[in-house]
Amino acid sequence: MYQSKPELPFPTAAERRKELESSYPAWPRNTISRHFSKAVDQYGTLPYLYIHGETYTYQTIWDQALIYAKALVQLGVKRRDHIATVMDNDATYPSLLIAASMLGAVFIPINAMLSKNELGYILSQSDSQFLFIHESVKEKQHGKAVSELLQSDEFQQNRQLEQVILIPTENKIKMDSHFISWERFVQGAENIPYERVMNVWDASDYPDEVAIIMYTSGSTGRPKGVMLTHDMLLRCAYGTCISRAIEKERITFAPLPFYHCFAIIEAMLAMSFVGGSFVSALGASPLRSLELMEKYQVNDYLCVPSTLVPLLNHPKVHEFDLSHLFAMWCGAAPSPIPVWQRAVDTLGLTEIITGYGQTEVASSGVTTEIGDPLERISTRVGRPKLAGISGMPEFNYHAVEYKTIDPETGTALNKGSVGELAVRGVTVTHGYYKKPEETAKTIDKDGWLRTGDVGRIDELGYIQLLGRSKEMYKVSGELVSPREVETVISEHPVVAQVSVIGVPDKLTTEIGGAFIELNDGESMTRKEVIHWCSEKLARFKIPRHVWFITTDDWPLTSTGKVQKFKLQDIAKEKLQQL
Numbered sequence: 001m002y003q004s005k006p007e008l009p010f011p012t013a014a015e016r017r018k019e020l021e022s023s024y025p026a027w028p029r030n031t032i033s034r035h036f037s038k039a040v041d042q043y044g045t046l047p048y049l050y051i052h053g054e055t056y057t058y059q060t061i062w063d064q065a066l067i068y069a070k071a072l073v074q075l076g077v078k079r080r081d082h083i084a085t086v087m088d089n090d091a092t093y094p095s096l097l098i099a100a101s102m103l104g105a106v107f108i109p110i111n112a113m114l115s116k117n118e119l120g121y122i123l124s125q126s127d128s129q130f131l132f133i134h135e136s137v138k139e140k141q142h143g144k145a146v147s148e149l150l151q152s153d154e155f156q157q158n159r160q161l162e163q164v165i166l167i168p169t170e171n172k173i174k175m176d177s178h179f180i181s182w183e184r185f186v187q188g189a190e191n192i193p194y195e196r197v198m199n200v201w202d203a204s205d206y207p208d209e210v211a212i213i214m215y216t217s218g219s220t221g222r223p224k225g226v227m228l229t230h231d232m233l234l235r236c237a238y239g240t241c242i243s244r245a246i247e248k249e250r251i252t253f254a255p256l257p258f259y260h261c262f263a264i265i266e267a268m269l270a271m272s273f274v275g276g277s278f279v280s281a282l283g284a285s286p287l288r289s290l291e292l293m294e295k296y297q298v299n300d301y302l303c304v305p306s307t308l309v310p311l312l313n314h315p316k317v318h319e320f321d322l323s324h325l326f327a328m329w330c331g332a333a334p335s336p337i338p339v340w341q342r343a344v345d346t347l348g349l350t351e352i353i354t355g356y357g358q359t360e361v362a363s364s365g366v367t368t369e370i371g372d373p374l375e376r377i378s379t380r381v382g383r384p385k386l387a388g389i390s391g392m393p394e395f396n397y398h399a400v401e402y403k404t405i406d407p408e409t410g411t412a413l414n415k416g417s418v419g420e421l422a423v424r425g426v427t428v429t430h431g432y433y434k435k436p437e438e439t440a441k442t443i444d445k446d447g448w449l450r451t452g453d454v455g456r457i458d459e460l461g462y463i464q465l466l467g468r469s470k471e472m473y474k475v476s477g478e479l480v481s482p483r484e485v486e487t488v489i490s491e492h493p494v495v496a497q498v499s500v501i502g503v504p505d506k507l508t509t510e511i512g513g514a515f516i517e518l519n520d521g522e523s524m525t526r527k528e529v530i531h532w533c534s535e536k537l538a539r540f541k542i543p544r545h546v547w548f549i550t551t552d553d554w555p556l557t558s559t560g561k562v563q564k565f566k567l568q569d570i571a572k573e574k575l576q577q578l
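Mapping to the UniProt record's numbering: the sequence shown position 415 is 415, numbers consecutive.
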């Protein structure tokens, strides 16, 4: 652990990468459980996870995983069985993931914020046989929801579900007779000898088998289960360590939901390559975040703009000792140069990056690089991240490669041309679970996956993201990229966050609408927004409608992304009032 802000002789990025490469001279093809067992051998007594005021070492997490693996065997879990979780962040989470891996079972982390009907669909479509649930997560009563699903004829007809294990929370409910209590589940481990689990583990050691099925958000259509292998997940995590030059025993603040690939890969798995640890604080307020960052002397901050900006705006931000913090990865949405500059000045950061990826690419495919100027970080999402030994020669020793294609024909475009981004590589999914038609539409015979994102690749290989293809809109026949308009507006010094959508218009079919959050204490008018845009954008790109909102008004996903389809609903209501 570094006891102060990195100064010379703090190792350079190149020196830190060299140290990591010396620990992994060749790519070790492992399952998640095999990889973690080796991490325990090396880092067993070191902290791995800080959560709910408790500290869990690598050895503690492993010991829990072994108990859970025994209990799963007692429950009847076999290789390739499907184990789903609907859970809040908890120390049992990584241990359950490791335990499932030991048995060769497939782990299915489900978004804990979903409704009963959404849970029912995913549990049925995923063929989940075993389910772990917290009886409640925030306002969601999952124990009650699953109990009702089990009494539904429609769910019964389509389910493979055999056992439901209920993990109690503070909000006690009457135990459904269909459920197994957490205590009974754990006690089942006593009936299984250690040698039996070791034999099952040895017989389930297949790095190229599916480790996780992770469901996409499904903002359009039904959610799709992205199949990711052990090797894909570990290659992406190691690539993060190389590209970010993560040193041994780094402490990362990660206020992210464990069911999301960002948390699983960039925190749970990445830290295990270097004996690092992470602080889980899902939903923590800016003040609580600052308290935890000081308490655990964190070196690194994984965040999104919707959590970063309120933290920077907190009136007590300068009262905390953040002298150990030097690195930050802020992703999910664009931020203007002033926000990046404030982060550098306020938090004393020396290494900041942003990135871009999706579940289908095992989290992050590209990142900006250490030392990139703020202008590049604010206008580009990166280029294929360094991969070291986890890369492949056919991808220029990266894990992935990107190109732009014509969205209509699929034909590759020249570098610099605007088109749909396509990606292929060793961390790219081979398909969606039980959705062959969706898979065929998305992934071609050469392994190129259509991302649905529009962008261009510049002369240095950096991707400029222009938005989702379905978010583009036409004004009098002219195509407009919301991201381009957002970038221009975000450059205004009083703007904290902005999101642009297309809204119906009788004259032009569609027109731009901008939702804008201002920095604390600042003011701005619609006329000033339009004047600012008129100097930088063609007339048809300038939003006609401007709505100013506060931090609490943004409709966000559980990972901090703005839900533009909900902004559409808000805009519709506002337009009806005109």
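Hints are computed from structural coordinates only; laboratory data are not their basis. What you are looking at is a predicted structure, and each value in this text was computed from that prediction instead of being measured. C-beta atoms are modelled at their ideal positions from N, C-alpha and C, and glycine is treated no differently. A portion of the hints provided could be inaccurate.
[To be verified] Dumping the calculated DSSO-like pairs for lysine-lysine here, alpha-carbon to alpha-carbon at most 27 Å:
no.: 1; residue 1: Lys138; residue 2: Lys566
no.: 2; residue 1: Lys574; residue 2: Lys474
no.: 3; residue 1: Lys116; residue 2: Lys403
no.: 4; residue 1: Lys445; residue 2: Lys474
no.: 5; residue 1: Lys403; residue 2: Lys506
no.: 6; residue 1: Lys435; residue 2: Lys445
no.: 7; residue 1: Lys18; residue 2: Lys248
no.: 8; residue 1: Lys561; residue 2: Lys316
no.: 9; residue 1: Lys506; residue 2: Lys574
no.: 10; residue 1: Lys415; residue 2: Lys506
no.: 11; residue 1: Lys403; residue 2: Lys441
no.: 12; residue 1: Lys536; residue 2: Lys415
no.: 13; residue 1: Lys144; residue 2: Lys116
no.: 14; residue 1: Lys138; residue 2: Lys536
no.: 15; residue 1: Lys295; residue 2: Lys316
no.: 16; residue 1: Lys434; residue 2: Lys506
no.: 17; residue 1: Lys474; residue 2: Lys415
no.: 18; residue 1: Lys78; residue 2: Lys138
no.: 19; residue 1: Lys415; residue 2: Lys434
no.: 20; residue 1: Lys140; residue 2: Lys403
no.: 21; residue 1: Lys564; residue 2: Lys574
no.: 22; residue 1: Lys541; residue 2: Lys574
no.: 23; residue 1: Lys403; residue 2: Lys415
no.: 24; residue 1: Lys561; residue 2: Lys435
no.: 25; residue 1: Lys536; residue 2: Lys474
no.: 26; residue 1: Lys474; residue 2: Lys434
[As the list claims (entries may be wrong)] Simulated restraints on C-beta separations:
no.: 27; residue 1: Tyr397; residue 2: Lys138; range: 11 to 21 Å
no.: 28; residue 1: Ser417; residue 2: Asn396; range: 18 to 28 Å
no.: 29; residue 1: Thr379; residue 2: Gly477; range: 23 to 33 Å
no.: 30; residue 1: Pro555; residue 2: Tyr397; range: 18 to 28 Å
no.: 31; residue 1: Ala412; residue 2: Arg196; range: 50 to 60 Å
no.: 32; residue 1: Thr509; residue 2: Lys295; range: 16 to 26 Å
no.: 33; residue 1: Asp345; residue 2: Glu183; range: 49 to 59 Å
no.: 34; residue 1: Gln568; residue 2: Arg222; range: 18 to 28 Å
no.: 35; residue 1: Tyr397; residue 2: Asp345; range: 28 to 38 Å
Hints and how they fare:
1. Lys138 x Lys566: holds, 21 Å
2. Lys574 x Lys474: holds, 21 Å
3. Lys116 x Lys403: violated, 39 Å
4. Lys445 x Lys474: violated, 32 Å
5. Lys403 x Lys506: Violated, at roughly 37 Å.
6. Lys435 x Lys445: OK: Lys435 and Lys445 at ~16 Å, within 27 Å.
7. Lys18 x Lys248: holds, 12 Å
8. Lys561 x Lys316: OK: Lys561 and Lys316 at ~25 Å, within 27 Å.
9. Lys506 x Lys574: Given pair Lys506, Lys574 holds - Cα atoms ~16 Å apart, limit 27 Å.
10. Lys415 x Lys506: Status violated; Cα separation ~37 Å.
11. Lys403 x Lys441: Holds, at roughly 17 Å.
12. Lys536 x Lys415: Roughly 24 Å separates the two Cα atoms, so the pair holds.
13. Lys144 x Lys116: With Cα atoms ~9 Å apart, Lys144 and Lys116 stay inside 27 Å; holds.
14. Lys138 x Lys536: Violated, at about 44 Å.
15. Lys295 x Lys316: Roughly 15 Å between the alpha carbons, so the hint for Lys295 and Lys316 holds.
16. Lys434 x Lys506: violated, 42 Å
17. Lys474 x Lys415: holds, 24 Å
18. Lys78 x Lys138: Violated, because 32 Å separates the two Cα atoms, which is more than 27 Å.
19. Lys415 x Lys434: violated, 35 Å
20. Lys140 x Lys403: Answer violated: Lys140 to Lys403 is near 41 Å, above 27 Å.
21. Lys564 x Lys574: Holds. Lys564 to Lys574 sits at ~15 Å (cutoff 27 Å).
22. Lys541 x Lys574: holds, 21 Å
23. Lys403 x Lys415: Within the cut-off at roughly 8 Å; holds.
24. Lys561 x Lys435: It holds: about 26 Å lies between the C-alpha atoms, which stays within 27 Å.
25. Lys536 x Lys474: holds, 19 Å
26. Lys474 x Lys434: violated, 35 Å
27. Tyr397 x Lys138: 11 to 21 Å: violated, 43 Å
28. Ser417 x Asn396: 18 to 28 Å: holds, 20 Å
29. Thr379 x Gly477: 23 to 33 Å: holds, 27 Å
30. Pro555 x Tyr397: 18 to 28 Å: violated, 41 Å
31. Ala412 x Arg196: 50 to 60 Å: holds, 52 Å
32. Thr509 x Lys295: 16 to 26 Å: violated, 54 Å
33. Asp345 x Glu183: 49 to 59 Å: holds, 51 Å
34. Gln568 x Arg222: 18 to 28 Å: The hinted range 18 to 28 Å holds for Gln568 and Arg222, with Cβ atoms some 19 Å apart.
35. Tyr397 x Asp345: 28 to 38 Å: Holds: the Cβ-Cβ distance is about 36 Å, inside 28 to 38 Å.
Violated hints, listed in ascending order, are 3, 4, 5, 10, 14, 16, 18, 19, 20, 26, 27, 30 and 32; each of the other numbered hints is respected by the structure.
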